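Residue strings, one per chain:
Number of protein chains: 2
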Amino acid sequence: MRQRVTLVTLGVRDLQRARAFYEALGWQSGAGPDDHVVFFQTGDMVLGLWDRGRLAEDSCVEDAGGWGGVTLALNLESSTAVDAVLEQARAAGARIGRPGSTAFWGGYSGVFIDPEGHPWEVAHNPHWTLTSEGGIKLG
Amino acid sequence: MRQRVTLVTLGVRDLQRARAFYEALGWQSGAGPDDHVVFFQTGDMVLGLWDRGRLAEDSCVEDAGGWGGVTLALNLESSTAVDAVLEQARAAGARIGRPGSTAFWGGYSGVFIDPEGHPWEVAHNPHWTLTSEGGIKLG
Chain A
118 MRQRVTLVTL GVRDLQRARA FYEALGWQSG AGPDDHVVFF QTGDMVLGLW
168 DRGRLAEDSC VEDAGGWGGV TLALNLESST AVDAVLEQAR AAGARIGRPG
218 STAFWGGYSG VFIDPEGHPW EVAHNPHWTL TSEGGIKLG
Chain B
118 MRQRVTLVTL GVRDLQRARA FYEALGWQSG AGPDDHVVFF QTGDMVLGLW
168 DRGRLAEDSC VEDAGGWGGV TLALNLESST AVDAVLEQAR AAGARIGRPG
218 STAFWGGYSG VFIDPEGHPW EVAHNPHWTL TSEGGIKLG
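These protein sequence lines are chains A and B, in that order.
Following this note's numbering, the numbering of the first sequence begins with 118 at its first residue and continues without gaps.
Following this note's numbering, the numbering of the second sequence begins with 118 at its first residue and continues without gaps.
Careful: at least some of the hints might be erroneous.
No distinction is drawn between identical chains; accordingly, a pair holds when it is met within one copy or between any pair of copies.
[Claimed, not checked] Below are the SDA-like pairs computed for lysine to any residue, each with C-alpha atoms no more than 25 Å apart in a straight line:
no.: 1; residue 1: 254; residue 2: 221
no.: 2; residue 1: 254; residue 2: 207
no.: 3; residue 1: 254; residue 2: 182
no.: 4; residue 1: 254; residue 2: 201
no.: 5; residue 1: 254; residue 2: 209
no.: 6; residue 1: 254; residue 2: 208
no.: 7; residue 1: 254; residue 2: 149
no.: 8; residue 1: 254; residue 2: 219
no.: 9; residue 1: 254; residue 2: 119
no.: 10; residue 1: 254; residue 2: 165
no.: 11; residue 1: 254; residue 2: 181
None of these hints come from the bench; they were simulated from the model.
These numbers were taken from a predicted model, which means no experiment stands behind them.
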């Protein structure tokens with residue numbers, strides 16, 4: 118199996134609210150206003166928003182109804198950039214789980230939870246290499 | 118906020134089992150045998166495995182205990198490649214949620230659920246462009 122993730126789909130209960138949240142963060146999609154799924158190009162992978170009930174059915178799982186063991190993260194170039202994204206997320210309607218602070222692993226990070234309950238860590242990790250295109254290389 | 122995901126962390130209850138599953142799929146990490154977190158370089162992002170309880174705490178969320186609205190996917194070049202990965206996952210201990218079949222959106226896909234309950238769709242989507250490095254470009 119190729120060592121890759123090409124698509125992350127977030128199940129949402131209110132697609133318009135979820136889409137508006139990510140668009141308020143500056144994200145852009147090519148989806149039409151009435152589309153039932155919204156795909157965002159994120160580097161050379163895709164993040165999708167889709168009805169949570171249909172996603173559960175399509176994924177052949179029962180929905181436990183809350184968080185289920187997956188957290189996304191965005192690595193950035195500095196602690197200042199981390200704080201700026203957390204403030205942008207808060208202004209767009211996210212709950213701030215924890216504000217930016219020094220992390221036990223030696224970097225700086227905070228957490229926001231999107232309106233659908235999906236958490237994002239926003240982090241600066243001095244041990245990882247941030248590519249010119251915003252990707253991450255370990256080590 | 119940069120339109121990117123740089124890290125996807127999967128919470129796991131048995132790290133050695135989860136790690137062994139992904140390694141049985143051919144994935145490689147630089148983690149030591151006793152490391153508490155296992156990072157896999159996946160393109161220019163990273164997939165991590167970490168204790169689910171610690172991930173919930175770090176993510177500032179309550180753990181609902183099952184699936185929580187996130188599904189990963191791997192897009193491949195053909196339906197034959199999809200079937201091969203599903204068979205590889207089954208042999209490595211995954212539950213097959215649904216075998217490969219023609220999808221309502223015009224492609225071909227199946228689903229496996231990893232030993233920790235995280236579902237993966239494995240798909241061939243003729244509407245998306247697969248890059249030479251295994252990434253995806255919409256449209």
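Hints the structure violates: just list their numbers, smallest first.
2, 3, 5, 6, 11
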